[in-house]
Every structure is written in C-alpha cells, then in structure tokens.
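Number of protein chains: 2
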Amino acid sequence: MNSRPDKDVLDALKAVVGDAGFREEAADLEPHLTEWRGLFQGRTPLMLMPSSTAEVSAIMKICSTHGVAVVPQGGNTGLAGGAIPGIDGVDAQILLSTSRLNQVTDIDAENYTMTAGAGCLLAEIQSAAQDAGLFFPLSLAAEGSCQIGGNISTNAGGTNVLRFGNTRELVLGLEVVLPDGSIYDDLRGLRKDNTGYDLKQLFIGAEGTLGIITAATLKLFPAARATATAWLAVESPAAAVSLYREARRRVGDELVAFELMPRIAIDMVLEHIPGTREPLDAAQPWYVLLELASARNQAVTDEQLTDLLGNCLDRGLVQDGVVASSEAQRGDLWRLRHSISEAQKNAGASIKHDISVPVSGMPEFLERANELVEARVPGIRPVPFGHLGDGNLHYNVSQPDDMKAEAFLALWEPLNELVHTLAVELGGSFSAEHGIGSLKVAELERLGDPVKLRLMRSVKQALDPGGIMNPGKVLRS
Amino acid sequence: MNSRPDKDVLDALKAVVGDAGFREEAADLEPHLTEWRGLFQGRTPLMLMPSSTAEVSAIMKICSTHGVAVVPQGGNTGLAGGAIPGIDGVDAQILLSTSRLNQVTDIDAENYTMTAGAGCLLAEIQSAAQDAGLFFPLSLAAEGSCQIGGNISTNAGGTNVLRFGNTRELVLGLEVVLPDGSIYDDLRGLRKDNTGYDLKQLFIGAEGTLGIITAATLKLFPAARATATAWLAVESPAAAVSLYREARRRVGDELVAFELMPRIAIDMVLEHIPGTREPLDAAQPWYVLLELASARNQAVTDEQLTDLLGNCLDRGLVQDGVVASSEAQRGDLWRLRHSISEAQKNAGASIKHDISVPVSGMPEFLERANELVEARVPGIRPVPFGHLGDGNLHYNVSQPDDMKAEAFLALWEPLNELVHTLAVELGGSFSAEHGIGSLKVAELERLGDPVKLRLMRSVKQALDPGGIMNPGKVLRS
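Protein chains in written order, with the numbering used here: chain B, 1 to 477; chain R, 1 to 477.
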C-alpha cells in the first residue's frame, strides 16, 4: 500500500466530496504538508475536505476497500508531526482535513453541554460557550487555529488542566468514523452511562490511528465572575511545591493556575521582549504565577487571595509578591509567562522537553536533570518553566554562551534521552501534553512498558486490521 | 471450558496462594455466590484470595493455560450480578476475591494522590484521605463494604458525581493483571501523560471482563471547610431544571448535590420511617435537596446559599424552602432523601430503573414515562427520585394499591422495556450507574448501537482471546 493510489480510486474519492471538497495542487497542499516547527515535510496525492459525516464514511469505505492509507488533519498545529501524511516522501497517503465539519449543532444550557463538528476552531467553541453565558475551559496557545477534533485526538492539555482536566475530561460524547466506514455514534450529553465499554476513551488521544473523530459533545461550565492573580517569589522548587499544596488546601477549586518560572527565564524576557518589566523590587531565584477564579464577586475573591498570601508570607513560604490590581497589570504578569518561549529563541539554540512527574517529585527531577545535562554539556542553561500544578514543566535547555548552535543541536537526541529517562524513572512521562505523533515513536518503543506496547498493538489490530488509519504514527507500522 | 476444572489445576491454584488464600467449603463460599438482592445464585469450585499482584499473575497464567474461567469479586455489592460466578449452575468458574489486596501503599499529599490495593474498602480509602487532611469524593450507600477495585471495575457513580465525576475521573493510574498473567503497570500519579493509548480507560467500567484490577492511583482533593444545605419546594421537574441551571451559574463549583424528589416519596417516608418529619409547612408537588461545599468559612458559605435562595424565591423558581441551621437538621433532610428506597418497600412491590438523560430532557422523560407506565398498568405509582444534577433518576414504580404484588412483578420486563426504550430515545442510558453485569446483557443487545457492540466484541477478543475473564458478563460469551 506504500505507493500512489490508482487514478480510479482518487477519482472515486473526489466524486464523494465534489469540486469544493478536494485539493491536489502543490500550492494548496503545501501548508498542510509542513509541520509548523519545520521538523516534518510530507507528501500526499490528494487532500479531501468532506463536509459531512456521511462523506467521511463514504471516503473510508473506498479507502478500506482499496487499502489506501488516510491521515486526518485538523488545524495542523500539533508539535509531534502526527497530522502530516507521507513523511517517508511517498505520495501514498490521502490527507483528510476536518475543516469543513465546522458546525456547532447544539448548545444545551440546562445540560451544560455543546455538540460541535470536529472542524470547529477551539476559539469558536470558546466563543459559542461565552455567547450562551457559559464557559469551555480548554485553552492553549494555538486556540485561534487548532480544531476541536484535533484537540480531542491529541487529548490536548493547555493552561486550565489544574482545575478542569485535559481534553479527555471535557468530552461526554463522540462520533467517530471507523476505518471500514461504519459510524460509531455516541454523541450524547450524559454524565452517567454504564452500558458497556466506554469506547470513546480509545479514540481520545489516539492521534487518528484508530478512526476519525467527526463530532463531539463537550462539557460546559458556569462562567467565572471574578479573577485574582498574583506574582510570587519563592526560594526553590520545593518551596513552590509547598505553596501549591497550601494554596489548594486553602482555596480549593478556585485555584486555576499555578505556573513556575526560574529567574533566568525572566532575565531572558526582560532582555528580549520590549515593554516587559520586573514585577518585584529585587531579583529572586524562582517565581510562581498563581490565579484564582470564582463564581463570587470580585471583592470576595480579592480578599481570598489576600488572605492566602498573608498567611504564606507569614509562614515564609513566599518571599515577596504582588497582586494584580487591574486587568492591565494581570495582562503584564501573564505576558512575562507567555513570552518565555519567544525570549528563549533570542538566547541561542534550545532543546525542548515536555515532561511530567508527580508534583511532589518535581524538586528532585529538576535537581537531577540539571546535574545530568550540565555534566553532559558544561555551561548549558536549563530554563524549566510551566504548569507546576499539573506536574508538567517545559524543561527547555539553552546552549552555553560560548558554543556553536549547530554543535549544541547535534546533542538533541542524547539530551532527550537523559531527560526522558529520568522523568520515567521518577514515575513521570516523556510526553505530557504533545503526544507521540511521528516525533516520539522510537522514544515510546524505548521507554514504554512492553506490556503496554503489546496491548496497544492488539487494540490497533482489532480496530484497524487493514492498518490504513494514520499508519506509522504513535506505533511503527 | 464449561465444566469443573481438573483436580490438578485446582491444586496448582491453591499452591499459589497457600492455605490462607483459598476457600472451598460451601458455607464459606455462600456469601460470595449470592447477589445481595437475591436476583442471582452462583456456583464455584474454589474461591482464591491472593495477597499480592504476583499471586494474581500466577493464578491467571495457570487459568489461561488450562482455559479456566475467572470471575473477579470485590465487596459483592453490585446490583447487576456482575461478580457472581457460575450463574448457569455449573461449577466451572473460579472466584477470585480481591479482598486481601487491601493495602494503602502511598499517600502523596503534595501530589494530591493515593495509591491503594483493589481490595481496600471504599470507607478505608475515604478515612485514609481524611487522616491526611484530604478528601476522596467517591461516596455511595455500600461504602462500608464495597472495594475500590470493584468501584473502578464498575465505574461507580454515587452522590458526588455532580462536582467530582464518576469513578473514572478519579483514577490517575491502574495496575491490571491481564488474562495471560502479564501485568499492565500504569500505577502513576500523573495529571498529564500523552504517550500512546490510554489503556486504563478500557479496564475502568469493564466489569472484570478484560483483566483484573489489582491497584490504583487515585486523585485526592482539598477537604471542604464548610457545607450548607437547603430543602426547597418547586412546582415541577421543569422548575427544578431551571433552578439547577441558575444555581450552578450563581455558585459554580460549590454546588455539590442537587437531588429531586416527588411528594409521593416524602409521603411514603413520613408514613413508614419513624422519626422523620415534614420539613415545610405545606405539602408541595416536588422537592430539591441542594448542597454547597466550600473551602471558605461557614459564614461566607451560608451567605452564598442565602443569596441564591433569596434570588430564586423572588423570581418564582422556588416556592418555599428551609436552610439547615445545624448539622442535626442537615442530617434530618438527608435522611428524608436516603430513606426513600426503604420506605418504598413498605408500599408494596416496586420495579426499579436506573436511567439517565440530559438534564434538560428530564421533564419530558418524566411526563412520557408516567404516561407509558400508567397506560400499561392503570393506578401504577411512579416514585422518580435521585441525582437530577447528573441527569440520573431512579425511576422506580410502585404497584397500584389494589393489585397483587406477584401480578405486578410479572410485569418487570415489559415495564423495563417501556422505560429503557424511552430513555434511549431521548438520548439517554438504560443503566446510568449500575452497569450491565448479568442482569442487562440482553437489554444491551436490544438497545445498544450495533457498531458499538461489534467494537466491544473486537476489544474483548483482542484482550481476552481465550474468553476466560468473567465470561458472559456485559457481553454474551
């Protein structure tokens, strides 16, 4: 099956979707064949853009009959090359874009649910919820261009996981077209349903290797009425973990963000990002950006934050801090956090890791990871930052000042290996948010439990016996 | 494989667990062979009580080699006959009790997680969390005798689903012994991990048909500091749904219980349960028991509830109400709710249904279900009550006053069929909390999507090719 499909088959596929539903010119295909960081470049003979579940079903019937591989793609914002067809350079795999499956078909305010097509942009879903006076919590940097089907297929994380969970926890129902074209319809807004295996869980996070998600019923939440944000200095990651424990204990569910940043990250931001400024009087080794959101009024929420900080300052858990007194100041604090990746680009080459460990294990992880990478590359500059409340940090390392970028980047794999092995040794994950895609298939084989890999292959074989769904992603084909 | 295993095989199994680890006398086996409502009576040649995961693994290796079927059992508190071996009257199936896998091995307060053996009682898990100043939210009537492994295998619901989700949402990691004896070890306390298919989801809610859950890592939460409870009169189920929507909007995550009850249920309780009393001055058609829990202090939480009720009374959503002013009064209100099942037993024979629909669809469900059962059995008395906030009601119907109990109970299946079919037609479920077990296998075949059933069989075949795990439960073997 690793060759260009016959013209007859391609014509039959085009006939399913009509003229508006396919692209085959190189210029049209190009944006869909390049992973946005440039790590992968693909090929395809044809991009299909079905406008209904029935069309997706008809496409899969043809493809399964003829053994043609299909790669689903949403907004193409993934970071692991999971949505790029033909990365082996062969134009054998059809690209199936979900972009025209983009209708919000139902908002049920009394049930706190929304049903939407896979091609809806995440930002559109957020707005539709907001227009109904409700809230959809999934939020991430690519929200203006990523699609909800892709978010579900990759079990996206983002900035609201601490309170609301990953995408998996936001999905109540799914519609999926299976490799043989049959439609698994579980598009229901039920909080409780124990009638057999919960099969939708298999498709969530499967990165398109088991079927094509065409629509979903999502959980909505009450909109928050008040937000309170603080920028706090702490002595160490261990102090940050103690602060996290205490903050959750004292404010419960109102704690919605708990981000950790080292001083070096703030130095990079202040040096390279115009308009940013130091929030506290004196430099401190570590910072926490903490946010509360509440259904109560602003005054009560502010008081809650003030009480928490007063207590933590008294007990020495926090060295210094500032509470945002306006929406503009809140924006400034978040901008420091969100500018780290961009600032780091100006500080030479960097190598990124998306690890998680139990929150309690983060201080040990940081200490040992720093030792390991420093021993391998003296002068290396670790810039670990991110969602400490989720046990998930972006453990990014910048090159030594006196090293050539190429020489440093040549160490990508050995540095990955050191960091990933340590995370797994500490009961953690080498891909907390971004998935496996093409990028980490070998790493999953190296670090994954053999029993897990065997089970995964059994499931893949059971659901996609012809091996036509996004072959080579997640599992080697 | 449907005959008593050979003596050699039974001896080999006994040797794995030693003298303390098995039972074979009828008197010892009896409590494990009867489903507690008496709907199923089973048989087994041997009950094994392994004390370690390694022993479970050794047992499964022997059973898979010899094609011996194994039925896992926790506290034997299920309501669908899922944990009873040999309900066909043949002593072919080994009973594997998880009761000695009962150690809490780790509480990580900074990570808000606990790791515990499958045999821990739910009440022990709750206490262990409480002793650490934390909270495990799963709570249900059988919590003093059910085991966490069984709760996970059945994806138990209970009274805290509105805020905390079903058991599935409380599980971060699992250890599972597979049918061939290999051990799937995913016992990790990670909030984010996107490294391949999330296989633990398959075992949660599979009722022991895919493997044996031996341990789990569970999410813990901050303990609530304050609780506020109200008993409210509403005009109709539609008014209750509007009240639910408004209550969630105004108090957000602090809304932890929202139970609906009809007047007839309260009449039955007041008549048959000593020491109960009418909470409001005048009888009303419907009641809501609403509870808030908060990390804030009691005064702030009481004020939140008072504000909510004042607003809802002003707007006519609520007709009358009382707020519990003491823990004793709170207990009295909950006792009215929890006594309904018992009271109903005194009002003649009843037939129970465990249905869910979207919250918004509940008024239509109740109206149509009442019409259907009344048309079938004139004078029938519907007593629908339960977790309206989860879209889950116990739609129980009591016999007409002038009918013989036997005549009424003979209508069990046709009444089930009417009610279940309606629930599914309205996008709901015919088994919201209790699962399929043995009781609802035929109903799943009748009402389940054929694509779903086919997929379930594929998954079962892939994970348990020999068909030795709890055969005949969930899916016909």
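If you are wondering where the hints come from, they were derived from the structure by calculation, not from laboratory data.
Note that the Cβ used here is the ideal one computed from N, Cα and C, for glycine as well.
Incorrect hints may have been included.
[To be verified] Quick list of in silico lysine-lysine cross-link-like pairs, BS3-like style, CA-CA up to 27 Å:
(1) B/Lys-404 / B/Lys-452
(2) B/Lys-452 / R/Lys-452
(3) B/Lys-61 / R/Lys-452
(4) B/Lys-7 / B/Lys-61
(5) R/Lys-61 / R/Lys-7
(6) R/Lys-404 / R/Lys-352
(7) R/Lys-452 / R/Lys-352
(8) B/Lys-452 / R/Lys-61
(9) R/Lys-404 / R/Lys-452
[Said to hold, decoys possible] According to the in silico footprint, chain B covers these stretches of chain R (three or more CB under 8 Å from chain B):
(10) 22 to 34
(11) 49 to 63
(12) 104 to 112
(13) 180 to 192
(14) 241 to 250
(15) 356 to 365
Hint by hint, here is what the structure shows:
Between the alpha carbons of B/Lys-404 and B/Lys-452 the distance comes to roughly 40 Å, so the proposed pair goes past 27 Å and is violated. With a C-alpha separation of about 24 Å, the suggested pair B/Lys-452 and R/Lys-452 falls inside the 27 Å cut-off, and the hint holds. Among the hinted pairs, B/Lys-61 with R/Lys-452 is consistent with the structure: their alpha-carbon atoms are about 18 Å apart, no more than 27 Å. As the CA atoms of B/Lys-7 and B/Lys-61 are separated by approximately 17 Å, the hinted pair is consistent with the 27 Å bound.
Distance restraint check for R/Lys-61 and R/Lys-7: the Cα-Cα separation of roughly 17 Å lies within the 27 Å cut-off, and the hinted pair is therefore satisfied. A distance of roughly 17 Å separates the Cα atoms of R/Lys-404 and R/Lys-352; the hinted pair therefore holds under the 27 Å criterion. At roughly 26 Å between alpha-carbon atoms, R/Lys-452 and R/Lys-352 fall within 27 Å of each other, so this suggested pair holds. A threshold of 27 Å between alpha carbons decides the hint, and for B/Lys-452 with R/Lys-61 the separation of about 18 Å falls inside it, so the pair holds.
A distance of roughly 40 Å separates the Cα atoms of R/Lys-404 and R/Lys-452; the hinted pair therefore is violated under the 27 Å criterion. For a cut-off of 8 Å, the count of residues in the stretch 22 to 34 of chain R with a CB near a CB of chain B stands at 0, and the three-residue condition is violated. Note: the stretch 49 to 63 of chain R has 0 residues with beta-carbon separation from chain B under 8 Å; the three-residue rule is not met and the coverage is violated. Check on the stretch 104 to 112 of chain R: 5 of its residues sit with their Cβ under 8 Å from a Cβ of chain B, so the three-residue criterion for coverage holds.
With a cut-off of 8 Å between beta carbons, the stretch 180 to 192 of chain R has 10 residues touching chain B; three or more are needed, and the interface restraint holds. Evaluation of the coverage hint for the stretch 241 to 250 of chain R: fulfilled, as 7 residues show C-beta separations to chain B shorter than 8 Å, against a requirement of three. With 6 residues carrying a beta carbon less than 8 Å from a beta carbon of chain B, the stretch 356 to 365 of chain R meets the three-residue requirement, and the given coverage holds.
When each numbered hint is compared with the structure, violations occur for hints 1, 9, 10, 11.
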